[in-house]
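Enquirer: Read off the chains here:
Number of protein chains: 2
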Amino acid sequence: MISVLIIGNGNVAHHLEKAFLKAEAIDVIKISSRKLAEITEADITILAVSDDAIAEVSSKIKNSFVVHTSGSFSMEDLKNNTKKGVFYMLQTFSKAKEVDFSKVPFCLEAENKEDAFLLEKLAKAIGKKIYAINSEQRKALHVAAVFVNNFTNHLYKIGNDICKENKVPFEILEPLIDETALKIKTLSPEKAQTGPAIRNDNKTIKNHLDLLNHKQQEIYNMLTKSIKDSVQ
Amino acid sequence: MISVLIIGNGNVAHHLEKAFLKAEAIDVIKISSRKLAEITEADITILAVSDDAIAEVSSKIKNSFVVHTSGSFSMEDLKNNTKKGVFYMLQTFSKAKEVDFSKVPFCLEAENKEDAFLLEKLAKAIGKKIYAINSEQRKALHVAAVFVNNFTNHLYKIGNDICKENKVPFEILEPLIDETALKIKTLSPEKAQTGPAIRNDNKTIKNHLDLLNHKQQEIYNMLTKSIKDSVQ
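Keeping their order, the protein sequence lines are chains A and B. Numbering (our numbering) for the first sequence: 220 to 451. Numbering (our numbering) for the second sequence: 220 to 451.
Source of the hints: derived by calculation from the structure; they are not laboratory data. Heads up, some of the hints might be wrong.
A short list of chain A residues far from chain B (calculated; beta carbon distances all over 12 Å) [as the list claims (entries may be wrong)]: (1) Ile221; (2) Ile248; (3) Lys254; (4) Ala256; (5) Glu257; (6) Glu330; (7) Lys340.
Which stretches of chain A does chain B cover? Using the computed rule of at least three CB atoms under 8 Å from a CB of chain B, they are [stated by the list, open to error]: (8) 300-313; (9) 371-385; (10) 399-406; (11) 420-430.
All C-beta atoms in this analysis are idealised placements derived from N, C-alpha and C, irrespective of residue type, glycine included.
Hey, can you work out the whole structure from these sequences and the hints?
Expert: See the structure below:
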C-alpha cells in the first residue's frame with residue numbers, strides 16, 4: 220500500500236484523487252493548500268497547485284517526499300527540506316471531462332533510484348505510459364507541447380475564421396484534422412509534410428495569400444518560409 | 220446505373236476507381252490523360268489530373284459533363300465546351316493507404332440542379348458526407364486546409380525537432396496531439412484555447428523562448444502575439 224497526500228483544488232488534483240480512489244494499492248487523501256496546518260505524513264505528497272505557488276507551499280511542508288506536477292518548473296523549484304520529485308502528466312485536463320489515465324504519459328523524476336521506483340509504482344497503479352524525464356527534458360517537452368497543442372489549436376481557430384467568413388461549415392475540415400494527427404503515428408512529421416510550401420508551388424501560395432487578411436498573411440508567409448527552409 | 224470515366228493516374232484517380240468498382244450502381248472506366256484519343260462517352264467524366272493540366276486536358280474533351288477534383292481551381296478553369304462541375308474530396312490521399320470514403324467530405328459544384336443531383340448520387344454511392352460548395356467557398360476551404368493540415372503538421376515537426384534535440388521520445392506528445400484534434404469536435408477552437416499566450420503568462424513565455432533557436436523563436440512569438448490579439 221502506498222499512501223498519497225494530494226494538496227490542491229484544481230483539475231489535476233481532482234482527477235488524480237478520483238483515479239487513486241479506484242486503485243486498490245493506493246491510500247489517498249486530498250486537502251486544500253489553504254489547510255497546510257492539517258497536513259498528515261504520507262509516502263508521497265503530491266503538490267498539485269498552480270506553478271506560482273510551488274515554492275511557497277512546498278517551503279511549508281515537512282513531509283518526507285514531496286513532488287510537484289508542473290511541466291515548466293524544475294525539481295529544484297520545490298523548497299521543502301526533505302526529498303523532492305516530479306510527477307508530471309502531459310495531457311490537458313478539464314473538470315467536466317473524464318480522463319483516461321491509460322493514455323496519459325507520466326513523466327517522472329526523483330533524486331534517487333528508490334524514490335524513482337516508488338513514483339513509478341504509483342504511476343503504474345493508474346497508468347500505462349511511464350517515462351523517466353529529467354527537469355531539462357521536461358522543460359523541452361513543455362515547449363514542444365505548446366507547438367503541438369496551443370499553437371495547433373490556434374491554427375484550427377484561423378481555419379475556423381476563414382470558414383466562417385465564407386459561410387462554409389468548419390466540420391468539413393474535421394476528417395482532415397483527424398488524418399493529420401493520425402498520420403504522424405506511422406510517418407515522421409518531416410515525411411508527412413504535404414502542401415504548396417513543400418512543393419514550392421508559388422502560384423497556389425499567391426492565390427492563397429489573396430484570400431487572407433493581413434494578419435493571416437503574416438502567419439501564412441512565416442510558416443510557408445519555415446517549411447521551405449526545412450528542406451534546404 | 221451511372222457511367223463514369225476517370226482520367227488520371229494519380230492517387231485520387233486510383234482510390235476513386237477502386238471505390239466505384241465496388242459500388243453496384245456505378246460503371247467505371249479509368250484511362251491515362253495521355254490516351255485522350257481513346258476516350259469514350261460517360262454520364263460523368265472525372266478529370267483527376269494535376270491542377271496545372273486541368274485547362275489543357277479539359278479543352279480536348281468532348282464528353283457531355285466534365286468535372287475536376289481540385290480544391291484550388293474554380294469550375295470555370297475547365298475548358299471543355301460542354302457542361303462543367305467539381306467533385307472535390309477534402310482529404311489527403313496516399314497510394315499505400317486505404318481510404319475510408321464514408322469519412323471523406325465530398326464538396327460538389329455544378330452548373331444546374333440536374334447535374335448537381337447527378338454528382339450527389341455519384342458521391343452517395345461511395346460516401347456519406349456531401350456538401351454543395353461553390354468555387355469561392357472551395358478556395359476558402361483549401362486555404363483553411365493549409366492551416367489545419369500543412370501548417371499543423373509543420374508545428375508537429377518543430378515539436379519533434381525540440382524533442383530530438385533534448386533526447387525525449389516524440390511519442391510522449393501523441394496523446395496530447397490526439398486530444399487537441401478531438402477537443403474541437405465539442406468545443407470551438409476559440410473556446411478550446413489554452414496555454415501561456417491566452418493566460419498572458421509572460422514569465423512562462425520568456426522561459427520557453429530561452430529554450431528555442433532563432434527560427435523557432437520567430438514562430439513562437441508570432442503565434443503567441445496572434446493568440447493574444449485574438450482575445451482583445
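Enquirer: Indicate, hint by hint, whether the structure satisfies it.
Expert: Tested hints:
1. Ile221: Holds, since 24 Å exceeds 12 Å.
2. Ile248: holds, 28 Å
3. Lys254: About 26 Å separates A/Lys254 from the closest Cβ of chain B, which puts it past 12 Å; holds.
4. Ala256: Consistent with the label, A/Ala256 stays out of reach of chain B, its closest Cβ about 29 Å off (over 12 Å).
5. Glu257: At roughly 30 Å from the nearest Cβ of chain B, A/Glu257 sits farther out than 12 Å, so the non-interface label holds.
6. Glu330: holds, 20 Å
7. Lys340: Fine: 20 Å to the nearest Cβ keeps A/Lys340 off the interface.
8. 300-313: holds (count 3)
9. 371-385: holds (count 13)
10. 399-406: holds (count 5)
11. 420-430: holds (count 4)
In terms of the numbered hints stated before, the structure departs from none.
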